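Chains as they are written, first to last, in our numbering: chain A, 68 to 331; chain X, 1262 to 1532.
Since the hints were made in silico from the structure, they are not lab data.
None of the values given here were measured: they were computed from a predicted structure.
Hints may be right or wrong, so weigh each one.
Straight-line C-alpha distance at most 27 Å; calculated BS3-like pairs for lysine-lysine [as the list claims (entries may be wrong)]: (1) A/K214 - X/K1337; (2) A/K214 - X/K1315; (3) X/K1448 - X/K1298; (4) X/K1349 - X/K1273.
Which residues of chain X face chain A? A partial, calculated answer using Cβ under 7 Å [claimed, not checked]: (5) G1318; (6) Y1344; (7) K1348; (8) M1352; (9) F1354; (10) S1356; (11) A1358; (12) E1375.
A virtual CB, placed ideally from N, CA and C, is assigned to each residue, including glycine.
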Amino acid sequence: MSWVRDRLLDKLHYLGHQSLNAFARLGRGSLLLLQLIFAVPQAIMRWRLILQQIYSVGVLSLLIIIVSGFFVGMVLSFQGYITLVDYGAEESLGTMVALSLVRELGPVVTALLFAGRAGSALTAEIGLMKATEQLSGMEMMAVDPIKRVLAPRFVAGLISLPILAMIFSAVGVLGGEFVGVGLLGVDGGSFWSQMQASVDFRDDVLNGMIKGVVFGWVASWIALFEGYDAVPTSSGVSSATTRTVVHTSLAVLGLDFILTALMF
Amino acid sequence: MAEINQSRFLIKITDLHFSQRGRKIFDGANIEIERGKITAIMGPSGAGKTTLLKLIGGQRHPDTGSVEVDGVNVHKLSRRKLYALRKKMGMLFQSGALLTDLTVFENVAFPLREHTRLPELMIRDLVLMKLESVGLRGAKNLMPAELSGGMARRVAMARAIALEPMMVFYDEPFTGQDPISMGVLVKLIKKLNSVLEMTSVIVSHDVAETAAIADYIYLISEGKVVAKGTPEELNRTDSEWAQQFMQGLADGPVPFHYPASDYATELMEPK
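Take these sequences, add in the hints, and give me the full structure.
See the structure below:
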């Protein structure tokens, strides 16, 4: 039976090794986050760098956000109408679409899309800069890459994601109106007035924005850390990019659950 | 202090021990680099030549032993002081390490913009002067991706000397260059060293090119300095290993064969 024991020991060894690795990564990640936070004030002084990053992280994500927002709004409107019309409550369609978007789908889907569009690009960019010794080169030029390269991207993500989420929700509402009012014949007046009456700025819009800020923080942090911590080879950068998308998506969904439970 | 700082040697490496991922890279190396001279560190691939530059630049920490640059121990400096020291060091990476999202001009301007508050006009003039000295003023608007390997290294050289450093480190400057760019680089290193009165350290395994411009050569292998001296001295040395390296012989103290069991026995033994 000694081979059974050996196999078990092997498994145990593997498990221990993996957990140690996971903890070490968590430690390095937290350390980087701390360095990023300390670097933020200096990064803000150099707002031009942040502006450039808002362009590449935020503005370039606009198209996918707008298109997805419109489609999600349209589908919501379709599904909502089918259910609501049975109860003769199709006037509440506007409320239903707006609340779903502003509270949940806006920030969450934006964050998922952000991870795929901007987060993966950030990881690949930083990882390749590491692989081509650009980060090392900066260090030798007495320039701290965390301050010069990572921090502006971090701030840009923090600013961009909540704004993208708001745009997503706004476009989604328009998509909902297009289907609900335009195609399915819900009364436009009640669509908008019910929405106006039941969507609260503080409870709904502001909470949605807070989610956006939290997701922006997590998404940029994970993307930057994966890039900075990547094994500096092509396969290393590619697996880091995958990890960024997977980890960000899971973290966003998990955090959304917690935030929703706390907020509503 | 001033007297110590003005000692003959700019860099003093004493009894350096360093290992990485369980592999011993330096095992008691002693290296002294003289001011104003071109010193070459040569050795086979994987002998830790690049690591040595990273140790001098403070990017890696030795296990024991010390690295003194201009009279101060690099690894005892605070982060702020280390960064101040690095401003006096220029480093040319093997890949050039140019920032791929900036033009040639902006790459050379990068250290000036990061570390000085010079007016734009002066930065322009300085960058053009540095680019002129490496012969690439005409390439100022190109992106790094549009440069050949040799040109990228020359831009990296212009960037390395942008802040007029005391010393410049060249990491494998000749690897993978065609004969013309190789000649250009050899000439440039020599010229920059004498014009700017810098100390140059070249890490390389290209024997002929390096020996042509080096004032002093250290040969390292298996973590130790195996031989040292001027190029002429090394060519005349009676160390077999140094002879094999300098002449590029296939067999010698460094065997042609990777250690293996007996050839005949292995062929004959059953599967």
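Structure-based check of all given hints:
1. Using a Cα cut-off of 27 Å, the hinted pair A/K214 and X/K1337 holds, with the two alpha carbons roughly 23 Å apart.
2. For the hint linking A/K214 to X/K1315, the alpha-carbon distance of about 21 Å falls within 27 Å, and the restraint holds.
3. A C-alpha spacing of about 15 Å is found between X/K1448 and X/K1298, which places the hinted pair at or below 27 Å, so the restraint holds.
4. Distance restraint check for X/K1349 and X/K1273: the Cα-Cα separation of roughly 16 Å lies within the 27 Å cut-off, and the hinted pair is therefore satisfied.
5. A hinted interface residue such as X/G1318 counts as satisfied when its beta carbon comes closer than 7 Å to some beta carbon of chain A; here the least separation is about 5 Å, so the hint holds.
6. For X/Y1344, the interface hint holds, the least distance from its beta-carbon to any beta-carbon of chain A being 4 Å, beneath 7 Å.
7. Evaluation of the X/K1348 hint against chain A yields a held restraint, the C-beta minimum of about 5 Å falling below 7 Å.
8. With its C-beta approaching chain A no nearer than about 4 Å, X/M1352 sits inside the 7 Å limit, and its interface hint holds.
9. Interface restraint check for X/F1354: the shortest CB-CB distance to chain A comes to about 5 Å, inside 7 Å, so the restraint holds.
10. Look at X/S1356: its Cβ gets to within about 5 Å of chain A, closer than 7 Å, so that hint holds up.
11. Residue-level restraint check for X/A1358 holds (minimum Cβ-Cβ distance to chain A is 3 Å; threshold 7 Å).
12. The criterion of a C-beta within 7 Å of any C-beta in chain A is met by X/E1375, whose closest approach is roughly 5 Å, and the hint holds.
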